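In order, the protein sequences belong to chains A and B. So in our numbering, the last one in the first sequence is 493, and the numbering has no gaps at all. So in our numbering, the last one in the second sequence is 446, and the numbering has no gaps at all.
Derived from the structure by calculation, the hints contain no laboratory data. Just so you know, not all the hints are guaranteed correct.
[Said to hold, decoys possible] Restricting the straight-line Cα-Cα distance to at most 27 Å, the calculated cross-link-like pairs of lysine-lysine (DSS-like) are:
#1 A/Lys-462 with A/Lys-333
#2 B/Lys-141 with A/Lys-110
#3 B/Lys-141 with A/Lys-327
#4 B/Lys-141 with A/Lys-333
#5 B/Lys-362 with A/Lys-149
#6 A/Lys-110 with A/Lys-229
What you are looking at is a predicted structure, and each value in this text was computed from that prediction instead of being measured.
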Amino acid sequence: MMWLLLPAFAGDPEIPAAPTDAGTPPAEGTAPTGPDRSHPPDVLAPEPLALDDLTRHELGEGLDAWYVRVPRVRKVTVDISWWAGRVDLADHMDPTHSVMASTWRLASEKYDGAALSELQDVLDMELWAYLGDHRAGAGLTIPLDDLGKGLDILADVVLHPTFPGRELKLDKEETARYYDILGPASPARVAGAALTYAWNPAEHPYGYRPDPEGYAKVKRGAAVAAHQKVLAEGPVSILVVGDLPWEEIEPQLKSRFGALGAPGERSEVLDAPNPTKDRVIAIAMPDAEQATLRLRIPAPSRDDALNPGMEAVSYALGGHFLARLNKNLREDKGWTYGVGAWYSAGDKRGSFNVSVDVPAERFADAVTEIEKEIGTVVAEGVTDEEIDAWWRAEVMEYNTVRGTADDAYGFYNGLLDEEETVADVLARIDAADAMTVEASAKAAAAILGDDAPRVWVVAGPKEAVQAGLDTLGWEAEWVTPRDAILGRLKGGL
Amino acid sequence: MLVALMALALAADDPFHVEASVHTLPNGLTVILSEDHNTDNIALHLHYGVGARDEGPGEYGCAHLFEHLMFEGSANVPTNAFDEWLTAAGGWNNAFTSEDETAYHMTFPSGALDLALMMESDRMGFLEAGLDQENLENQQKVVLQERAEGYAEPRGRNWDAIALIGWPAGHPYQHTVIGTVADIEGYTIDGVVSFWKRHYRPRNAVLSLVGNFETKEALAQVEHWFSDIPDVGPPEARSEFTKVGPEIHGDHFISDRVEDRTVFLAWPTVPLGHPDEAALDVLANVLSGGRGTRLDDALQFDRSIASGVGVFQSSSEIGGHFIVLAIADGLTLPKLAAKVDKQLAKFAKSPPTAAEIERAQKAERSSYLYGLEGLEDRAEVLVDCQRMYGKTDCTRDTYARIEAVTADDVMRVYRTYLVPENRVTLSVVPVGDDGMIEGAVEVEIR
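Kindly generate the complete structure, drawing on both the sequences and the hints.
Shown next, in the form of structure tokens:
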């Protein structure tokens, strides 16, 4: 498989349309002939666009900006990040920071909740604030014409949030409602929560368990203090993505956010243990007819040599409508509306995941078929055709970057988060191009073999699920839907 | 020359402007082409003018079934090859069905345009070869499972219940898009083939392409691949049932796998494109659009009577509803509905301010502009504009109608349509709970 890197389009971002080998209209005066449908037309290989990289601009000590101009996107995105997150700021079970993050963007000194809500409608603006494990942030997206107004609002929200009592009360009520009512009633949410908490032990900082009672007791003063702690913590970066020159945005950032930032390093991703043995968690859902299944298997981190092979395997198993698991369980058996399977790779570890709903009486059969498909890729790897399709899908996804403001922000935010460049992304696409059947088999065997620990979660009607467990010869930990939502699991890794 | 330059400059400043050309092939297929060289990809959107409203007894759910059968093979594209070939080219696809239409869409690298057109044209002209008993039975199972998975989630049956009670008996919208279990299990291969022959034809379709191509070459490619699809004439006339009124009023309920109670209040209003649609859209936004709007503040943000509120004008091609929904925060639904009524009565005495109207208008503007950003959304909007209004850039006109709405317009549509005698309610309560509106009749969703 060969492809050529396009010449840079920095001066003229227009991309030439692909030449065609069909569709030539008949010459004048000749009778039209029908198209040749005896075989699928040739497809030209896609080519990755030449995208500009982020450029770094120092705005002060511990404060930098990362900027890229993306032609013709309708909105500008400005996203401020503190490179410290929940695991750096608090005891990992302290709900104060969650309350702060949920209510940060809802009211500020100059704008109450109603005003902020109205301004977002009137200015076609979206505001956000969040707190992740290793990063906190706040940002906006807005049309260029109103960028100045938007930045004024963002500055007030970022620096002077008020955390009014009414907003805290509403947030606490909504949170309680989720843990008491909405979460436990949903098979998908229950199964997803159980899998997440089974993956992260409660004693690890990534194993944060919800604490509804503690959440309800958080006071306004604690939220204010938590916000001040975020502002004081570590270095700050401001990401700017939009169709405007750096010279236009730089003074606007400096005047509003120039005092942010502190010397220091980015928060480091922590080592986290992987499961070492198989585990099955079962959740009885009253009146359910479906079995909601989730599977997770440890997989390599982003920089691991097996990563490209695992990406190929994941695509072949579940990356599209006719991926192997979909072909088997949906198209051939008709047991499900669709199977999701994906590989998630982080800095220190990763996981391979499968998600499917089937009629409850098919639970054991579905597990057997999933394991059968995994066993086949372990034994044989994926095919050349699957590798080629995966590479093309990767190129197409990369080529969406300039489609919308959201697409562009998503891509460049990923680069900033992972400290990567466009060249790194292209190198991954190259790795996909160079992937072989043998390398995919090696990755599958190393990661998904029989000895790899599996965490299975099944939510469904108790009797049918127990029958499936008996068929499989599995012992399960039974938990209630609410305990699953709250991560109150009995077993450990 | 000067006029042309001025027009170009105006177009460049107009955020609603999308450059597109419209063509009609000899077989009647409408084709819309819009270049976008900011990407290497192309989005294809193909609308068929067939939806749930075109189904008769024994066919309920059939338009949606074709969402599945269209991928099971045609004369020159073997079973499963549609997905296999498109995936091998790096593309992806999907489809959706509503009361009024079925649409198939895909996105792919520009070098796969011929492949996409070959496959799309093959199933438009020659699908019958792939319609066999085995494929039908397999997709019946998948559709039954799709329905079961949707109904398994909390609130998964709400909208089907609204469809059943929101339209009078005999109305083309008065059955669910996906069909009942009996409907789905009852399809025959002869019935399915007959349905396809009546609806899937060039004169009942609109195709759009948006992305990295040159219009002249792309048009030649479309003409090439669709040239052997015969013109079999226009589709049969669609049902234009327009009678809505008091006979659908009343209170209804469903018991579902939910842990909280929700009440829906619905009034029959107007179809898409009706002169009152814009004012109803603005009314909905004034009542519920986040903090600072009437019902949201009164029921949710200022007082925790409801944990969620939604208000919208839902317009389809031959009818529409104005819908208010509120999720109870502990109250029984008679009490919650009374609170909603009280707020609506207060609104009658307190017309919207200029600021409320402007906010509602701007929220609509954002939504329209967002719909023009991505390739796939733009391809769909172009098709919808062309088929509904005969022009590809209808969003500007649609927004102009929104922008022209006054407070008087809002109060007029409020008084005209939100009348008690036309109202229908749906209570959604947990199994075994009796917190529904008194006297509500259970809706049977089979």
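Going down the list of hints, with the structure as the test:
1. A hinted pair counts as satisfied when its Cα atoms are at most 27 Å apart, and A/Lys-462 with A/Lys-333 qualifies at roughly 24 Å.
2. Under the criterion of a C-alpha separation no larger than 27 Å, the hint pairing B/Lys-141 with A/Lys-110 is inconsistent with the structure, at around 57 Å.
3. Straight-line distance between C-alpha atoms of B/Lys-141 and A/Lys-327 comes to about 14 Å, which keeps the hinted pair within the 27 Å bound.
4. Among the hinted pairs, B/Lys-141 with A/Lys-333 is consistent with the structure: their alpha-carbon atoms are about 8 Å apart, no more than 27 Å.
5. A hinted pair counts as satisfied when its Cα atoms are at most 27 Å apart, and B/Lys-362 with A/Lys-149 qualifies at roughly 16 Å.
6. Among the hinted pairs, A/Lys-110 with A/Lys-229 is consistent with the structure: their alpha-carbon atoms are about 22 Å apart, no more than 27 Å.
Consistency with the previously given hints fails for number 2 only.
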